[in-house]
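Asks: Each protein sequence line maps, in turn, to chains A and B. According to our numbering, the first sequence is numbered sequentially starting from 1. According to our numbering, the second sequence is numbered sequentially starting from 1001.
If you are wondering where the hints come from, they were derived from the structure by calculation, not from laboratory data. Just so you know, not all the hints are guaranteed correct.
Calculated cross-link-like contacts (lysine to any residue; reagent style SDA-like; alpha-carbon spacing at most 25 Å) [claimed, not checked]: (1) A:LYS6 x B:LYS1096; (2) B:LYS1014 x B:LEU1025; (3) B:LYS1096 x A:PRO51; (4) A:LYS241 x B:LYS1195; (5) A:LYS6 x A:LYS16; (6) A:LYS78 x B:LYS1195; (7) A:LYS2 x A:VAL97; (8) A:LYS91 x A:PRO107; (9) B:LYS1088 x A:ARG121; (10) A:LYS46 x A:ASP57; (11) B:LYS1098 x A:ASP115; (12) B:LYS1096 x A:PRO77; (13) B:LYS1096 x A:VAL97.
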Amino acid sequence: MKITLKVWRQKNAQDKGGLKTYQLDDVSPDMSFLEMFDVLNEQLVKKGEEPVHFDHDCREGICGMCSMYINGQPHGPKQTTTCQLHMRSFKDGDTIVVEPWRAQAFPVVKDLVVDRTSFDRIIQAGGYVSVNTGGIPDANEIPIPKKIADEAFDSATCIACGACVAACKNASAMLFVSAKVSQLALLPQGKVERKSRVENMVAQMDAEGFGACTNTGACSAECPKEISLENIARLNREYIKAKSSSDNI
Amino acid sequence: MSWFTNAMSSTLGKKVIMALTGLFLVIFLVVHLSGNLQLLLDDDGKAFNVYARFMTSNPLIKTTSFILYASFLIHIIWAVILTINNKKARPVGYAKTKPSANSTWSSRNMGFLGTIVFIFLVIHLKNFWYVMHWGPITSVNYDGQEYRNLFATVEAVFSQWWYVALYVVSMIGLMFHLYHGFSSAFQTLGLNHVKYNPAIKFVGVAFAIIVPAMFAAIPIIIFLKTL
Chain A
1 MKITLKVWRQ
11 KNAQDKGGLK
21 TYQLDDVSPD
31 MSFLEMFDVL
41 NEQLVKKGEE
51 PVHFDHDCRE
61 GICGMCSMYI
71 NGQPHGPKQT
81 TTCQLHMRSF
91 KDGDTIVVEP
101 WRAQAFPVVK
111 DLVVDRTSFD
121 RIIQAGGYVS
131 VNTGGIPDAN
141 EIPIPKKIAD
151 EAFDSATCIA
161 CGACVAACKN
171 ASAMLFVSAK
181 VSQLALLPQG
191 KVERKSRVEN
201 MVAQMDAEGF
211 GACTNTGACS
221 AECPKEISLE
231 NIARLNREYI
241 KAKSSSDNI
Chain B
1001 MSWFTNAMSS
1011 TLGKKVIMAL
1021 TGLFLVIFLV
1031 VHLSGNLQLL
1041 LDDDGKAFNV
1051 YARFMTSNPL
1061 IKTTSFILYA
1071 SFLIHIIWAV
1081 ILTINNKKAR
1091 PVGYAKTKPS
1101 ANSTWSSRNM
1111 GFLGTIVFIF
1121 LVIHLKNFWY
1131 VMHWGPITSV
1141 NYDGQEYRNL
1151 FATVEAVFSQ
1161 WWYVALYVVS
1171 MIGLMFHLYH
1181 GFSSAFQTLG
1191 LNHVKYNPAI
1201 KFVGVAFAII
1211 VPAMFAAIPI
1221 IIFLKTL
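Let's have the full structure, built from the sequences with the hints guiding it.
Replies: Encoded structure:
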């Protein structure tokens, strides 16, 4: 396959950056999108040029590290992660535009690498269950209905890649925050701190400068883990309930 | 900041305000439409003029109308604030986007659609609401009682083709605004449930089509009568 790539190149956070065109003449349709970038980088290194910097880790679609905005869609045309996107999803002779996630809260570090620690700070604000020391509780001590367990697990599949933010016209982090709030609010262990959790996580989300939710549904449509919009409704519900009934004045 | 203003100034709180004012305006549309439909009665505007007097003099309606003005203003101002903040959330845009792959056109253009409705609203208020309150307006006598003849004003305005065209275009704008806005308001308020989602979606779409279409039909019918 012959592929023309237009890749965002940016030296550092201060650099203005711009799209640069590269030509790849021998791309296998079985390559993953990231392997295609490996081939490009080998070419660049051989020529003595700076390779394209991009985030990746597990390359199994489970870590949430890869983050490319491909031809106008986060993670490209298939509802999966960039590492699980294969070149067979493209045609011979295609031109592919590759850009980093764009959000005020995700500043570009270099080329296609963006800083997503704003997500970490949201988790630090309340996306956890405080554990007291002591004996390990018995596994089946707290009965949880199968349906609730499944729902919580569906929310917990969020890998925090940030595709929702990248897809949203407002760069809103609602789908991510709602998945994290939901997974804990649904389970008995998480219910203890559910009010303070949602209040603190939303406050942090706003402080990071993410946009508001217009309910376009773009986030869920592009989410590689198919996190549903039901989570966003639950987040709204949790927030309204917490704000109107918590003792945090 | 009190806990209330704190909650309402968050992105979620601002959206709750948009949803509540939006739903209130939806109710207003029904009331307004039921009044407008009296324009089509074959009584030279008597029912409509009596109704118009009632709507501008009844104390309960007057109080509600102030809540209505406030809802309009808040819905518009909050929309502007949210739009500015949302633009700030993505200072550098994408070179290539493919929005149709993941969302509907109306959901992405609520601000644009709202602006159409807003421009229409200003013209509309000037033509009818202002004239009804402060004139110039002719009078008409029913059973020895003097009434403002708003019906005559409406007939005069609706006899102009360009106003009818503007009206219809604005109602199409309103149609798309409601197409997304109605069900979106429920989602924002957290009212999402497998049992009721299909009903909310269905009523929202039906409302978005039927109500603006009925509004638009009135000036068209009156215009055709004046020909």
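Asks: Evaluate each hint against the coordinates.
Replies: Okay, the hints, checked on the actual structure:
At roughly 10 Å between alpha-carbon atoms, LYS6 (chain A) and LYS1096 (chain B) fall within 25 Å of each other, so this suggested pair holds. Among the hinted pairs, LYS1014 (chain B) with LEU1025 (chain B) is consistent with the structure: their alpha-carbon atoms are about 16 Å apart, no more than 25 Å. Straight-line distance between C-alpha atoms of LYS1096 (chain B) and PRO51 (chain A) comes to about 22 Å, which keeps the hinted pair within the 25 Å bound. For the proposed pair LYS241 (chain A) and LYS1195 (chain B), the alpha carbon gap of about 21 Å is at most 25 Å, so the pair holds.
Distance hint between LYS6 (chain A) and LYS16 (chain A) is fulfilled; the C-alpha atoms sit about 16 Å from each other, no more than 25 Å. Taking the CA atoms of LYS78 (chain A) and LYS1195 (chain B), the gap is near 30 Å; set against the 25 Å cutoff, the hint is violated. Proximity of LYS2 (chain A) to VAL97 (chain A) is assessed by CA-CA distance (about 14 Å); at most 25 Å being required, the pair is judged to hold. Straight-line distance between C-alpha atoms of LYS91 (chain A) and PRO107 (chain A) comes to about 32 Å, which puts the hinted pair past the 25 Å bound.
Taking the CA atoms of LYS1088 (chain B) and ARG121 (chain A), the gap is about 20 Å. The hint holds against a cut of 25 Å. In summary, the hint linking LYS46 (chain A) to ASP57 (chain A) is supported, as the alpha carbons are separated by about 24 Å, within the 25 Å threshold. For the proposed pair LYS1098 (chain B) and ASP115 (chain A), the alpha carbon gap of about 24 Å is at most 25 Å, so the pair holds. Pair hint LYS1096 (chain B) plus PRO77 (chain A) holds up; C-alpha atoms about 13 Å apart against a cutoff of 25 Å.
Our distance criterion of 25 Å between C-alpha atoms is met by LYS1096 (chain B) and VAL97 (chain A), whose separation comes to about 7 Å.
Hint violations for this structure: numbers 6 and 8, all remaining hints satisfied.
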